[in-house]
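K.L.:
What follows is the residue order along each chain.
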Amino acid sequence: MSTSNLTRRGLIKNSAIAGAGFAAPTIFTASSAAAYTNEPTGGSVTLGFNVPQSGPYADEGADELRAYELAVEHLNGGGDGGMMNTFSSKELTGNGILGKKVEFVTGDTQTKSDAARASAKSMIEKDGAVMITGGSSSGVAIAVQGLCQEAGVIFMAGLTHSNDTTGKDKKANGFRHFFNGYMSAAALAPVLESLYGSDRNAYHLTADYTWGWTQEESIAAATEAMGWNTVNKVRTPLASTDFSSYIAPVLNSGADVLVLNHYGGNMVNSLTNAVQFGLRDKIVNGKNFEIVVPLYSRLMAKGAGANVKGIHGSTNWHWSLQDEGSKAFVKSFGTKYGFPPSQAAHTVYCQTMLYADAAQRAGTFNPCGIVEALEGYEFDGLGNGKTLYRADDHQCFKDVLVVRGKENPTSEFDLLEVVEVTPTSQVIYEADHPMFAGGALGSCNPGA
Amino acid sequence: MGILEVKNVGKRFGGLQALGDVNLSVAENSVHAIIGPNGAGKSTLLNCLVGKLIPDTGSVMFDGQSVLGRKPFEINQMGISRVFQTPEIFGDLSVLENMLIPCFAKRDGAFHLSAFKNMLDDKEIIDRAQHMLEEMKMADKHGMNAASLSRGDKRRLEIGMCLSQEPRLLLLDEPTAGMARADTNNTIDLLKQISDERDITIAIIEHDMHVVFSLAERITVLAQGTPLVEDTPDNIKGHPKVREAYLGETQDAA
Amino acid sequence: MLKLNKRDTMLFVIVTAMVFLAPFLLNPFPQGSSMAQMFNAGYPDLMQRFVIFGILVIGFNILFGLTGYLSFGHAAFLGIGSYSAVWMFKLLSMNIIPALILSMIVAGIFSLVIGYVSLRRSGIYFSILTLAFAQMSYNLAYSVLGNPSSNYNLTNGETGLQLALNDPRVLDGAAAANGALPVTKLFGLAMRDSYNLNVGGWLFTFNVGYYVAGILMLISFYISIRIFRSPFGMMLRAVKSNQQRMNYTGLNTKPYTLAAFVISGMYAGLAGGLLSSMDPLAGAERMHWTASGEIVIMAILGGVGTLIGPIVGAGFNEYFKNILSKINDGVLHQWLSFLPDGLENFIVGILHYFVGKGWHLTLGLLFMMVIIFLPGGLVEGGQRLAKMFKRKKTDDGSDSNNTPAE
Amino acid sequence: MDQILLQILNGLDKGSAYALIALGLTLIFGTLGVVNFAHGALFMIGAFCAVTLQRILNISTVTTDPTKTDFLGNPATIKTPVVETWFGPEMGASIIDWSVPLAILFAIPIMAAVGFIMERGLIKHFYKRPHADQILVTFGLAIVLQEVIKAFYGANPIPTPAPEAFRGSFDFGTYLGYEANAIIYPYWRMVYFAFSAVIIAAVFAFLQFTTFGMVVRAGMADRETVGLLGINIDKRFTIMFAIAACVAGLAGVMYAPINSPNYHMGMDFLVLSFVVVVVGGMGSLPGAVLAGFMLGILEAFASMNQVKAIFPGIDQIIIYLVAIIIILTRPRGLMGRRGVMEE
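Protein chains in written order, with our numbering: chain E, 1 to 448; chain D, 1001 to 1254; chain L, 2001 to 2406; chain X, 3001 to 3343.
None of these hints come from the bench; they were simulated from the model. Using N, Cα and C, we set each Cβ at its ideal position, and we do this for glycine too. Where hints are given, some of them may not hold.
Said to hold, decoys possible - Cut-off 30 Å, straight-line C-alpha distance, at most; resulting in silico cross-link-like pairs (DSS-like, lysine-lysine): (1) X/Lys3128 x D/Lys1141; (2) D/Lys1154 x D/Lys1052; (3) E/Lys168 x L/Lys2090; (4) L/Lys2090 x D/Lys1141; (5) X/Lys3308 x E/Lys282; (6) D/Lys1123 x D/Lys1137; (7) E/Lys336 x X/Lys3068; (8) L/Lys2254 x D/Lys1071; (9) X/Lys3308 x E/Lys168; (10) D/Lys1106 x L/Lys2090; (11) D/Lys1071 x L/Lys2240; (12) D/Lys1117 x L/Lys2006; (13) E/Lys327 x E/Lys309; (14) L/Lys2090 x D/Lys1117; (15) D/Lys1117 x L/Lys2254; (16) D/Lys1052 x L/Lys2240; (17) E/Lys336 x E/Lys386; (18) X/Lys3128 x D/Lys1154; (19) E/Lys327 x X/Lys3068; (20) L/Lys2254 x X/Lys3308; (21) E/Lys233 x E/Lys406; (22) D/Lys1154 x L/Lys2090; (23) L/Lys2254 x D/Lys1052; (24) E/Lys309 x X/Lys3128; (25) D/Lys1123 x L/Lys2390; (26) D/Lys1123 x L/Lys2090; (27) L/Lys2006 x D/Lys1123; (28) L/Lys2006 x D/Lys1141; (29) X/Lys3128 x E/Lys331; (30) L/Lys2387 x X/Lys3308; (31) E/Lys406 x X/Lys3068; (32) E/Lys406 x X/Lys3079; (33) L/Lys2240 x X/Lys3308; (34) X/Lys3124 x E/Lys309; (35) E/Lys331 x X/Lys3068.
Said to hold, decoys possible - Across the chosen pairs, the derived CB separations fall in these ranges: (36) X/Thr3069 x E/Ala437: 30 to 38 Å; (37) X/Val3062 x L/Leu2365: 33 to 41 Å; (38) E/Gly42 x L/Ile2372: 57 to 65 Å; (39) E/Asp414 x X/Ser3094: 20 to 28 Å; (40) X/Lys3079 x E/Asn288: 31 to 39 Å.
Let's have the full structure, built from the sequences with the hints guiding it.
P.N.:
Below, the structure written as structure tokens:
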């Protein structure tokens, strides 16, 4: 790179903008004249990419960052344009957003709500970010979404799967492109029924924290609705590394299906342990014992190695999808980095594009304008087919993929195969569904 | 009736009878030495007096009150101060601070939450500590780190700290162990001066006969956990039993 | 002045000046320059962290620095203080005063109980006991006590305890009209309000919350100086130096150490309460054992047992944590753009491992360096530097009069 | 009853991991007087030895297969591991399959070298420093080591499967008269248990029956005297440290198939293993082993549904609760000596 902001011109420019004197009390803003928090005044606009760079989800965070950089490149007119070319809206032209060059700052959430908020705050207070995006866990997403609502910037959630993000903790300034526990369960249940029948006994192991609980509630409700019996629901400490003492009693409990409501390191370990115990070779109640992992992530599945083979779950997006959007994205990402993107990368790329497009259509970076542009917005061409951002809760509704660990992978990325694409109509729910009740969206907050 | 009355004290460690049946009476304002060969139970006895050990049998009365079952700091507050074999001082603190602590302990008791008083504003205590430092001829060293003092100075500081509490009974555990002759003699002189000038009872456990015979008014000889004999130094010197059990080998040193 | 001696008064005045002028001192680079983007620290959140963690470590230093008892579970009190404050915001009022008072009281009660039990042992046994209590608190806060569907949801688990529109808030009455969450305030002053001052290319931010926390830190610092200089403080140092002698000098060490433990627990509670006051969300990670370890690290970095050390250590740690984690390859390229391309890429390739996602590595290395070469922490480093300069100027450097605890 | 037997098996297995780590930790503490917070990192490095060997064995020659395409539509590449070219496909495949047991041989020199460098380069200079400094500098080292591993291997867990022959599980229940599937236990975990028993026995035998071990034991009891005897205790300490590093490393190697190694697995084990050492009594080898098994079994029992129904969340805190009770009732842990680490 050969440009530097430390040039004379930069200094002159800066001092030309600045006037001396006290401004009125403001919240998070750099100038009282602004109509909303961090209104971009120069030739550029700053986005904040807040991803886990340390901690167990660091690799997912790194993949998110790659996708963000790719998205910024495309927005600024670099590269092959990726999904900008397949996106149903044609507002974006590779000329930044609203003619402003897109710049970005990065931060580390550490997958801790405290640290994530601190990092987001520094982006808002110091770097003047108008939009915060990213993250790899629901606790972080909910915490940062709350912050953005108060600060008056837009939050485009990254990987967050808990019902609460757009349920009881939903916020007007926050949007989620990822699916959720309920949708996973709704998509999985019919597939499970056709595979394993409706006379099954399920045993749940659940990570003992917010996401685990909503995931367990959703999948238990969906499977019970089709006739399965829930034998037991066991909570496992988040810090567990060895799940043997939770898995050992499963076989003897009369259950013939084990549902692992685990994610990340928990999922890798519990699945590895379950396969070690030979659960999948057993016959219980005259049926083959089966394991289900409701939320799959390819990056994490890699950690479990061969243990994922033949195990069903759901995922937001997979690189092997053959629609135009997915193909364009995989090509663009793969060419730049040499390997296919993860679902986390896809999600955050879409979120960046959707934000940019909304700003372009609204003609402003004002959060209220963006919210208006995104609410009830229907689009296509970003993978997953036709998609709706519902106005009532800012949840995205799109097709959900049911996947299975591949028996004969052809490469190290080829771990999952799509079994079924469950259409939106099967996974959509009423905005006041009891699993999502208890919160209020509120109204958009532009800050200043 | 002495200020310290030890009656039928016994202490057992597993299979070892460390103290048999010890009876001891230390008269007020006297200097009383306890001697005996290694392993005779001197240290065990001392630890029973200060609350570090609790004897299995018997009683220990100080000034008419039992010390048994009390913690070391409570026994100290009753008026017993102890000087250790290797000087136990506050190495990280200055000499003056070392002296201030017992002064506070004497005036304010075992615990006093005075978190907002400035230590140096407490004239009464400061004066007392400085006075004691002068008496110990250490006033010029008040700002030094106690750990950097010489062995002899550390000993003097420790004795000074004990004295600043105005104890009724001062217990010394081999106060000259490992000292050079000159330092030993200084310590003897200091102890003599203390016992002459103050209303204080001194009980001393010692190996070095030179020290014992220069200081003690009465001597108890301990052997294998039981008192062999108790008498004046002159009588002890000539006592056949003592000669046989103990002095025989060490007479030269005396 | 203030019943402090001359040197302490000087120190206190310097720290006071630094706290009040921090918005200037921390923003040395003009707004918009690439240096400012990374190195300026004068934004409210980080400034608040400086002083709040300052309070926390000042308190920890009263325990560890004076008595030598190494608590490896101090973060528990920080977390307990945070939760108490948020509960106060939820139930009573958005005014931070009742919240801070409650957080200190609750942290005080917890530290009394935990301290009473843990102080029955010393050395590493004490450390492990405090660690065990803190980990129990963390695990329970994360799971059993944080389940929204249970009857005893005290902590809201992973998401963290946060405000909601339908909280009772007995004193404040109904929520704000526009459906936004109310903000924490000190009577009429909202914690997140800021005054911005533009001078030339520079932007200086004066944040209400920062000054409130800063003044509380100055009070805490003042109290800590008084404790250091009091007979009580001397007794605590005596505990560290020689417990045997303490006991045989008629002093009961237990209440002294317990008092120090409770005081430092209340400091942690205050810090936790302030964290919640600045940003009303309390997460369980604040209580994790690595958070406790971080407190120890800050104390050691600054200089254990010194007055100013905790503030230096907390500032150093928070600064580097925030700055390093935000540097990415793009920023590196921008800085090094004056170099020839090949060299630039090479250096960026190396630095890549030490910034952004590698910030833990850099902090770990810095921390090891300090422990290995500066056992007295950064304060010792400063003293050595000062001595070097002194020696250069004048040849008499005989500073034998050893006053304790700078 | 079958439930209890099952949890005892689980407990023994967890316990053997705890015991192995704690054994090395207490060996270092007992001989060198150093509290090593980087011990968990040694365990982690051991596990990554297994990962590394697996990667080395998978080094491949790459050829392109024009008939297939990869995800970008380019010709697909076919990788043939070099070992398969050298030893023939079958032999090569089974070498790769057995990479974890082979990694034991691979790990011993590496761990010994790591231990040697750590002791000579860092720990040596901290013998005379306060325990707090030792804890903190090794804590810093642990952070640095795990970050270095993360920089090379990423943050995600890496699967390192056991050899084919040891996958699956054994049905104890049918032998003991219970119905089938009542008590099943994975083969590899049994291997792990046996392996740790062998290592523990070897360490004890080494200390008991060799001259070297006798000197070290004497050093554990009274360091100064042994030094005065003119025995070069420094050299022996270095060797002891290397041995302790090997013990931790081997525990890590064999643990790799149980849970896929990740860079923070050391920190996950660190606090637990410290609790184990303290509960066992600082510096006591049998104490560490006893406490390891005891805590492992208690943890297994606490995670039983029947127990959790009575005390919700008990499995989250059981270890700490037990540690607190033991430290309070037995001041020096189960088998600790007087006066160690109390000042």
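K.L.:
Does the alpha-carbon distance linking lysine 2254 of chain L and lysine 3308 of chain X stay inside the 30 Å limit?
P.N.:
Violated, at roughly 37 Å.
K.L.:
Given the proposed pairing of lysine 168 of chain E with lysine 2090 of chain L, does the C-alpha separation stay at or below 30 Å?
P.N.:
holds, 17 Å
K.L.:
Taking only the CA atoms, is the gap from lysine 1052 of chain D to lysine 2240 of chain L under or equal to 30 Å?
P.N.:
Judged against 30 Å, a Cα distance of about 20 Å means the pair holds.
K.L.:
For the pair supplied as a hint, lysine 2240 of chain L and lysine 3308 of chain X, is the alpha-carbon distance within the 30 Å limit?
P.N.:
violated, 42 Å
K.L.:
Just to be careful, I want the Cα atoms of lysine 327 of chain E and lysine 309 of chain E compared with a cutoff of 30 Å; is the pair within it?
P.N.:
holds, 25 Å
K.L.:
For the pair we were handed, lysine 336 of chain E and lysine 386 of chain E, check the Cα-Cα distance against 30 Å.
P.N.:
holds, 27 Å
K.L.:
Decide if the proposed pair is consistent with the structure: lysine 3308 of chain X and lysine 168 of chain E, CA atoms, cutoff 30 Å inclusive.
P.N.:
holds, 29 Å
K.L.:
Is 57 to 65 Å respected by the C-beta to C-beta distance linking glycine 42 of chain E and isoleucine 2372 of chain L?
P.N.:
For glycine 42 of chain E and isoleucine 2372 of chain L the Cβ distance comes to about 46 Å; the hint is violated.
K.L.:
Is it true that the C-beta distance of aspartate 414 of chain E to serine 3094 of chain X lies inside 20 to 28 Å, as the hint says?
P.N.:
Cβ of aspartate 414 of chain E to Cβ of serine 3094 of chain X: about 24 Å, so the range 20 to 28 Å holds.
K.L.:
Below or equal to 30 Å on CA atoms is what counts here, so check lysine 1106 of chain D against lysine 2090 of chain L.
P.N.:
violated, 50 Å
K.L.:
Holds or violated: lysine 3128 of chain X with lysine 331 of chain E, Cα cutoff 30 Å?
P.N.:
Since the Cα atoms of lysine 3128 of chain X and lysine 331 of chain E sit roughly 60 Å apart, the hinted pair is violated (cutoff 30 Å).
K.L.:
Keeping to a limit of 30 Å between CA atoms, is the pair of lysine 406 of chain E and lysine 3068 of chain X held or broken?
P.N.:
Holds, because 18 Å separates the two Cα atoms, which is no more than 30 Å.
When each numbered hint is compared with the structure, violations occur for hints 4, 10, 14, 20, 22, 24, 25, 26, 29, 30, 33, 34, 36 and 38.
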